[in-house]
Structure formats: structure tokens, C-alpha cells
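Novice: Hey, can you work out the whole structure from these sequences and the hints?
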Amino acid sequence: MARFYRRSRNAVQFLRTFYTNLPLHRPIRAGLTFNIECSSEKAASLILPNGATRMDVHDEQLGQFFNLARQHGASWLRLFPFTGTSLCLVTGCVKTSSWALMSLYGYSKSGGLSMKFGVAPGAGPITWTWLEAGPADTRHSTDTDDSNRNHCVFLRGIMISKKDPKKWIWRSRQNKEQVNLDVLGTSKNLPFNMGGGNSASGSTTGAPTSGGSSSSNSGGQHNAALRNLSQNVDGGDTDSKSVITPDIGSEYLAGDIDIEPLTEVPVVSYSSLSAWLGLI
Amino acid sequence: MSSPPPHETYTELLLTKKLGYPLYYPDPCTNALRSGWSGVSIGDVGIINDLGGYDFKFNVIEKPIIVPDPTSDELDMPGVYREAVGETGSMANGLPLHAELSFLDGLPQFQHIMLEERDIRYIDKAHHPGAVIGKHITNTLSVNGKILPQIP
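Going down the list, the sequences are from chains A and B. Sequential numbering of the first sequence, starting at 1, is according to this note's numbering. Sequential numbering of the second sequence, starting at 1, is according to this note's numbering.
No lab work stands behind these hints: they were computed from the structure. Just so you know, not all the hints are guaranteed correct.
Said to hold, decoys possible - Each computed DSSO-like pair below joins lysine-lysine, with the alpha-carbon atoms no more than 30 Å apart:
hint	chain 1	residue 1	chain 2	residue 2
1	B	Lys146	A	Lys116
2	A	Lys42	A	Lys116
3	A	Lys109	B	Lys146
4	A	Lys109	A	Lys42
5	A	Lys42	B	Lys146
Just so we're clear, the structure is a prediction, and the values are computed from it rather than from any experiment.
Specialist: Take a look at the structure:
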């Protein structure tokens, strides 16, 4: 018998309130097509045929995760010495059961490019695929009937990396365990004071491999770092340099997608958590 | 000038949507799945690899367990709570998945963990629960070649 694996819900309890009776998943309908028109030489899109669920640690709790990363980041990095220079502690994600994505670069033909994602015609099992893609690079999930939303399309979290070796020399005299902490992929204001002297920085980095992430060294400088909360990526995309709205939700509501709360805030008692962790 | 790898363009453009770091390989990595992982979840520690995927290492707040197979009713409600039937003694990359080893300097001191969940979908729920997120594109939804009224 195939085992179905799922995470323990002991540590994080969900009290779900559905505001709509609509199912989160609908069967594939033949004839349904997503049409994408690209108007630029550079374009990217993500199609979520069954929507997605966005999960976040509550604002007030983010401080715990930062403290955890600050405290244990160095030892975690030592556990994986050969796999890279930075680790990501996840504090939020967008998960879905089915997706299709495309990436286009250097398309210069005038008139734009038309792409289609939908049900392939013909007999056999009904599956979604890219019907027209042109020169774009495309991917899509193989199992669009998967009701478990365990495909992660967006990730938010804390990047833990080693301190700059050049600065390591003098820092090592104070504390060998210091690490860099960067906010990954979010424009959200961090609703807590980082504190803790210069053991963590509040700078942001868009791409962990970009190598250009600046760091502000003291907790008191955290607000200054927040003003730079834009995506730190190379490239000439002027839109990315627009004014940053701190609240993701309201900004997104103005766009083409609705984000609505699905759950009430769950609470887990400290005693049950510490019992699990073997503290008592 | 050679063009950058597709995942770099994708990540660069969709970062501006402010939903997070876009993964070009959203599929859960199968190696970790086999050891009881169920896709990215809060508290995971891992690595974003060169392809734009997430390599899970361990989780700081949860221990994976085995629960019975879901019934067909429950498939419509992914968040429904199920009683565990046992713990996995699983290993990921040679390390126990549970927290003890990952905290060489002591166990974490968590207060209440509270999660917010939101649904991402078209506002017009009557048509389809889907959604399209993109940069430098316009999108429409059509049924049998007939374009539906513009999704807001």
C-alpha cells in the first residue's frame, strides 16, 4: 500500500474557515485555453490553472525565525559544507497543484508573440500542455490532477550565508558564529526590531546567486535597509524600479488576482510544542 | 551577447510581482519526498539550486509523520487534519529530518506558530479558479476558441 506522507500538524495547527464553497480544484475541461500575448522581447508568466494557496508566518512571528537563524545559522551552514554558500529558511510560500510557466528572452519580431496553454486535442488521456509556445522556454507540471498543493512556485524566507571573508578577519575576534541574514523575495516590512547589535543584517536580496546583496550591519540600520526593498537583480527592467508598496496584499488586489483569507489564525500551545521537541 | 539561462529571466521578471522568489522548478524534489517530505513548508531549511529549484534539507519546527491515505472526499480539502499512524524514521541526505541534530547549540525556543493562508485565484470565481501571473504579457481565457469576458 502506498503511504501518504504529510507533515505533522502538531507544531502548527490550522483552523480553516472557508469563505467560499467552491472547490480548490476543478477537473480539466477540454477546450479551455489560456492565451498569453507577449509584448516585449523579455517576458515571463506563470499560469495556475487551479489557483494557488499562499502561506505566511504571521507578522509578529517573523522575529522568532530571524532569531533562530541568527542563533543557529552558522551551525546549519557547517552541516552542509559542500552544497553551497547559503541556506534558505522558509517563512512563506505560494503552493499549487498545477502550473505552467514560460520564459522568453531576446524575441525581436514585431507584432508580439502569441502563446497558448490548454488541453491537447485528440483522443487519449486529457492533459494540459503548451499548444503554442514559439521560441519561449516552457515548463509545466506533469500531474495536473494532483490535489495536494505541494508544488512551490514562490518562496519567501531568510537567506543565511557566511559573512564576507574580507570582513571575517576582524569579526572573528568578536564572534565566530556570525552569519549574514538576508530577506529573500519579499517586499514586506519586517514588523519587529532586529536588535542584537551587528550579528544580523536586514538587507534584501532578490536572487541569491546575484552576489550583489549589500548588507547593513547593525540592527538600528534596519529601517534604512527596508527603504531599499526592491529586487536586487541585474537587468534593464524599468518596472522593477517603481515605488515599492510595503503591503503585498493590497497591491495585489489592485491587479488581476484576488487574494482572500482562507483561515483563521491558528494557535499552538507552547507546552505541546516543547513536549514534541523533547524539552519536557 | 549570449542570452541568459531561461530561469534567470523568469526569476528576474516575476520577482517584481512581490509574491516571493519565483522557482523555475516548482516540483518537489523526489529524493526528499521519498523520505517523508511533502513539499516546501514553513520552517524548511534548504538551498535554492542553480536551476531555480529548492533542495530541502531539514525543517526546524516539524517532524514528518505517516498519515493514512486520504479519502476521495478529503482530496477536495487539502488542509483537513488527519491523525498520524506513525512517525517516519526517515533520513534526508544522511541527516535525520527532525530537529535535534539541526540545533547543535540547543533547541529552538518557539512561541505560538501562527500561519496565514490566502487563496490566489481569479476574482471572477464563476469561470475558473485559475490565475495567471506574468510580466510584459496580457492574458485571456477562452473556451472552445471563444474568449471569455476579460477576467478582471
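Novice: Regarding the pair Lys42 (chain A) and Lys146 (chain B), is the alpha-carbon distance no greater than 30 Å?
Specialist: Holds - the C-alpha atoms of Lys146 (chain B) and Lys42 (chain A) are around 28 Å apart, at most 30 Å.
Novice: Tell me if the straight-line CA distance from Lys109 (chain A) to Lys146 (chain B) falls inside 30 Å.
Specialist: holds (26 Å)
Novice: So if I understand the rule, the pair passes when the alpha-carbon distance is 30 Å or less; does Lys146 (chain B) with Lys116 (chain A) pass?
Specialist: Judged against 30 Å, a Cα distance of about 13 Å means the pair holds.
Novice: Are the Cα positions of Lys109 (chain A) and Lys42 (chain A) separated by 30 Å at most?
Specialist: holds (12 Å)
Novice: Is it true that the CA of Lys42 (chain A) sits at most 30 Å from the CA of Lys116 (chain A)?
Specialist: It holds: about 17 Å lies between the C-alpha atoms, which stays within 30 Å.
When each numbered hint is compared with the structure, no violation occurs for any of them.
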